[in-house]
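Position chains B and C against the provided structure of chain A, taking the given hints into account.
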Amino acid sequence: MKKQLIELRVNGRPRELAVEPSKLLLETLRQDLQLTGSKRGCDDSSCGACTVLIDGVPMLSCTLLAASCEGQEITTVEGVSEHGALAAIQKAYGDWGGAQCGFCTPGFMMTVKHLLATTANPSEAEIREALSSNLCRCTGYSQMYQAIKAAIEAEQKGMDSLSQQVAK
Amino acid sequence: MDAIGGVLCRCTGYRKIISAVIDAGREQILMSSAPAGTAVGNRMVRLDGLAKITGKEIYGADEIPSGALLLRVIRCPFHRAGFQFGDLEKYAKQNAITCVLTAKDVPGENRYGVIPKFADQPVFAESEARFKGEAVAAVAGAQAAVEKLDLTQFPVVWNELPALMTIDQALTPGAPQLHHGREQNVLVRGRVVRGDVDAALRNAEITAELEVETGFVEHACIEPEAGFARRAGDTIEIQACTQSPYMDRSDIARILGIAEASVRIIPTAVGGGFGTKLDLSVQPFLALAAWKLNLPVRMVYSRTESMISTTKRHPARMWAKAGAGRDGKLQALDFRADFNTGAYSSWGPTVSARVPVHASGPYFVPHYRALTRAVHTHLVPAGAFRGFGVPQMAIAQEQLYDELADRVGMDRLEFRILNSLTNDLPTVTGQVLGEGVGIRACFEALRPRWKAARKEAVDFNSSAQHLRRGVGVAGMWYGCGNTSLPNPSTMRVGLKSDGRIALHQGAVDIGQGSATVVTQICADALGCSIDRFDLLSGDTSITPDCGKTSASRQTFVSGKAAYMAGEALRREILRLVKACDCAKISFENGSVEVHEDKKLHRISLADLPIDKHGYVLTAEATFDPPTRALDENGQGMPYAVYGFGAHLAEIEVDTELGTIKVLRITAAHDVGRAINPTLIEGQIEGGVAQGIGMALMEEFFPGKGENLHDYLIPSAGDIPPIESILIEDPSSIGPYGAKGIGEQAVIPTAPAILNALHDAIGIRLRKIPATPDRVRAEILRCGITGASRG
Amino acid sequence: MWFAGVYVYLRPTTLEEALEALYQSRGELLAGGTDFYPSLGERLPAKPIVDITRVRELKGITRKPDLFRIGGGATWTELIKAPLPRCFDALKAAAREIGSVQIQNRGTVAGNLCNASPAADSVPALLALDAAVELASRSTVRRVALQDFILGNRKTARQADEILTAILVPRAVDDALSTFLKLGARRYLVISIAIVAVVLDIESGKIRDARVAVGSCSVRAQRLTDLEQRLRGASLSDIAELAAEQHLKPLSPIDDVRASASYRFDSALTLVRRALAQCAAKC
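Those sequence lines, one after another, are chains A, B and C.
Everything in the first sequence is counted per our numbering, starting at 1 for the first residue and increasing by one.
Everything in the second sequence is counted per our numbering, starting at 169 for the first residue and increasing by one.
Everything in the third sequence is counted per our numbering, starting at 959 for the first residue and increasing by one.
The set of hints was computed from the structure by calculation and includes no laboratory data.
Be aware that one or more of the hints could be misleading.
To be verified - Result set (BS3-like, lysine-lysine): computed pairs, CA atoms no more than 30 Å apart in a straight line:
1. B/Lys-829 to A/Lys-3
2. C/Lys-1005 to A/Lys-3
3. A/Lys-149 to B/Lys-224
4. A/Lys-149 to B/Lys-829
5. C/Lys-1005 to B/Lys-316
6. C/Lys-1113 to C/Lys-1164
7. B/Lys-664 to B/Lys-767
8. B/Lys-935 to B/Lys-489
To be verified - One-sided excerpt, in silico: chain A residues whose CB lies under 10 Å from chain C:
9. Ser-22
10. Gly-48
11. Ser-81
12. Leu-131
Stated by the list, open to error - DEER-style ranges, computed between Cβ atoms:
13. A/Asp-32 to C/Ala-1115: 36 to 42 Å
14. A/Glu-7 to B/Gln-337: 56 to 62 Å
15. A/Gln-72 to C/Arg-1112: 29 to 35 Å
16. A/Lys-157 to C/Asp-1196: 54 to 60 Å
17. B/Glu-377 to C/Ala-1115: 42 to 48 Å
18. C/Leu-1002 to B/Ala-620: 54 to 60 Å
19. C/Pro-1023 to B/Ala-310: 42 to 48 Å
20. B/Arg-359 to A/Asp-32: 56 to 62 Å
21. A/Gln-72 to B/Gln-311: 24 to 30 Å
22. A/Glu-16 to B/Ser-772: 51 to 57 Å
Beta carbons: idealized from backbone N, C-alpha and C, even for Gly.
Next up, chain A with everything else stripped away, as it sits in the complex (with noise of 0.2 Å):
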């Protein structure tokens, strides 16, 4: 299969490729893009390990051609950070043991920060079905929850300061 032209645009940066139409956008981010923080683990749609998000939506990069994600947004693990700074949900999973061996844990940003964007307060039952779209073997899960509560938490009390500083 011949390669073609394709416009992605990937961490707010527009990357022209000559892709394969055939190929996969975890594929591409990969090998073409060498962003290889998005993981495959199950082939077939079980695991998360390649969740990305498309236009701040989580989807599988694993059963998404490259070529049908033109003109959208695409968010990996490597644009999760903030201005140079590590996200509020990266460093608090990395604080309370949210990775153990880490290979979900790309998967598991991209979920947890959709959860975060489009759900101010979660609850308990929103977080527990949030973590239940990816899998991970190492942590039992139990210290993602406390994670995604410290970056709440670490979130609310930047939104704090900087509104005291508002006020000042």
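Same frame as chain A, now just chains B and C:
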């Protein structure tokens, strides 16, 4: 990475540390750096965390050397088959493949295995494939050419042969023998005998008997095996995910017929191991291709390929009978287990040896006999999986002791407390541990929740209809390190001229956090802040052998070596200025200061010569835990240190559907010394999750459901709140008293759940996992009241 | 686009283009891809791919006077978020159980039907809504009742040149109550052992119309018509007791890695009774 400061949130209800049990008032503060001498015992943020949360960590499949060829393996589609190749050259030419590899291309020995004495697995089968998924050939070539191959069209003619699928078939007289010299397909037998079990059981006032079977369990690491190899002159370099770089090096040297010094293993980050990445997977194929072609070659297992070809937890068929007096004192245990070890030896001998040492559980049993066999079949090799057979064994033994307690008429927890092993009582191998036997403390820590949970369950059941609640408990002990075999780790620590410390720590961190724990220990032993440490991983060309990441040995064995190396470097520094042992050392950029009474020695590091390792001072230390061989009755000193623990499971059974919901797990573990409580809790919670999977949903059927939608591992929705209770009954041999926790954590969960199932509705299953259909069938068979439809 | 005289990957934006592309290329349709790629295993796609994710006419869920039209490109998440009457509650509940959120965000309702898995979570709920599918080719548009569309395990009445353009749900029972129950061996991300959907149209405490469908217990999901007959006219009290083993005759469950056949049969009855009771309790 900066840690979030502040006090650990205790309000989630998920994981509370009972601080009365560990040092009262110990600060539960998360730390990313610690002043010299304070790293041990603190919640240090894991050192390799940053790479993992930013997606920058390099796993097996994440690096591709430029110009690398892609390799794929042709595998046998039958459980057993003879085969003949067609025209391989023509195939290669037609498909633009660079080369096809078969057994003929193995320059050294076409044989490997984790235990050299039993090595029996070929890289490529030679004339007969002994399991579905066994490799017979490989193709290497440009990615585009290799990716598009339909491997079912590979020129090979299969001749399917009758296969031995069960232990019984394999043991039947006249059954085909898989390996020469292994009569009746028995790979190895294990035996531990103490006292007179037959007489004791005859005379016991109360006895109980139980039979139970478990299935294959898949490790389901989220990372499938992957890596690449390249040849550099007369050296082969293999970069892949592995738990055992030095063992890989030996096997690859044997396969290629070259010296070990010519093999360099570079372990990548490991995306889950749990024992399966102790054995070779992609490495021999990559090594052969890269060696032959002198080109870099890479490969990544597909999920299915990983599931059909890599090791599994051994299916076990167990029978046990135990006796006690009316006073509730355990008198005897007779235990037998056969393990389906699959087509090749892998860790079958280890499982068979370890289980008889542990089958008493953490109790004093004066009369004891445990006999095991590992039996070959034409199925995927069973190998190491978190606990080397002990989790299966505990399913039999802990359920049996519940039965015994019921017959004695004792509370099941109190029965265990009464019979708990102590510092002074001998184990079933005749070892008197003398210290650090924290099992009784573990059970006692569960007592408050046990009482409350049992009352809650009774209250619930008095008004429930088809739902029934139950509470179960199970105990565990587990020896850290190899069973009566040498098991050394060597650590090297160097002082650099800029005042930083290089730690060559070859203990592969497979996610459990050993890199962090080992550094914490070394830092405190040296008396230096952890911030000054630079870690060098288990690359065999730069780091001494720390053995394999298995048997819950890294904190204990490699940690102790790190402790000794840290102390040795400290002594070296003191020696330079002839200071006494009590002097204080402080590390600065480019210098080290030694404070002795009122004297201050300042060592300018730039003035010191650089040694052969590239440091101004280097210390190296080796620790090999003291053990003694077992005699013909299994008597001796198999391990220097054991970890102890007990889990309490609260469950709810839907009697109409046979489904089980785990409501809560309380886990008490004697870890000797909690070097890093956050990482230990992570091990416990992860172990509990795998225990839940093993109890309720995980069974691999070779040839069926070789994927992660048919093979189920627990999702977040299946994991209840887990409360960890850390108990510190130190072992003087371990670093700062620490013991292992990795495998210990998984062992008691499944038996506690199965005991809770019995508590809830009075059934014991003959086959585990307790899937809904098995539970419901047993409910119907037993005619459980309240469960049948009105 | 053409390469060396062969269509390889086509991404039409109108239905007309899509039908033409499908006809010309003799390719395979790709929508959400959440079943398409897993089914390939280690092979590459053998046929040209016609990607219909951008076809305008397939988008959206619309309310018509006589029916609801779920576009052939509508995803599960769109369905979950759509304002729909309460007879769709069971279908929405099914949507939330389909794979993971990532799959719901990409996978389509139409794709789930065309994939025709015996364990498809959506099929019982759609059967209970008396849904039909609309199939278009270059030359014709036809409507097929859902129960005639799914023919067996992975088999449908769709011709190679047809696109499933919409799922049509008649507005006969907008206000009916509906319930969905799914049984699996783990809590999330699980292929069902048994699935039940119930729609009850209730008038003054009596059942005017009842639809009960069971999935994962035969090669294709089945309506339990005898039970439905029995339920019509019945009062809501003790409704669960009306369901009995004989009503499960249309089911023919099999043994597989997930469960035994006898267990499927047994649990289907329990689920049917519970679904009836839960549905009636909403009244």
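Here is what the structure says about each hint:
1. B/Lys-829 to A/Lys-3: violated, 51 Å
2. C/Lys-1005 to A/Lys-3: holds, 16 Å
3. A/Lys-149 to B/Lys-224: Holds, at roughly 24 Å.
4. A/Lys-149 to B/Lys-829: Measuring from Cα to Cα gives roughly 25 Å; hence the hint holds.
5. C/Lys-1005 to B/Lys-316: holds, 13 Å
6. C/Lys-1113 to C/Lys-1164: violated, 38 Å
7. B/Lys-664 to B/Lys-767: This hinted pair holds, its Cα atoms lying about 24 Å apart.
8. B/Lys-935 to B/Lys-489: holds, 18 Å
9. Ser-22: Holds - the Cβ of A/Ser-22 comes within 10 Å of chain C, reaching about 5 Å at its closest.
10. Gly-48: holds, 6 Å
11. Ser-81: violated, 22 Å
12. Leu-131: Hint holds; A/Leu-131 Cβ to chain C Cβ min 9 Å, cut 10 Å.
13. A/Asp-32 to C/Ala-1115: 36 to 42 Å: holds, 40 Å
14. A/Glu-7 to B/Gln-337: 56 to 62 Å: holds, 60 Å
15. A/Gln-72 to C/Arg-1112: 29 to 35 Å: Holds, at about 31 Å.
16. A/Lys-157 to C/Asp-1196: 54 to 60 Å: 55 Å Cβ-Cβ, so the 54 to 60 Å window holds.
17. B/Glu-377 to C/Ala-1115: 42 to 48 Å: violated, 58 Å
18. C/Leu-1002 to B/Ala-620: 54 to 60 Å: holds, 58 Å
19. C/Pro-1023 to B/Ala-310: 42 to 48 Å: Because 60 Å falls outside the window, the suggested range is violated.
20. B/Arg-359 to A/Asp-32: 56 to 62 Å: Between B/Arg-359 and A/Asp-32, where Cβ atoms are some 58 Å apart, the hint holds.
21. A/Gln-72 to B/Gln-311: 24 to 30 Å: holds, 26 Å
22. A/Glu-16 to B/Ser-772: 51 to 57 Å: 55 Å Cβ-Cβ, so the 51 to 57 Å window holds.
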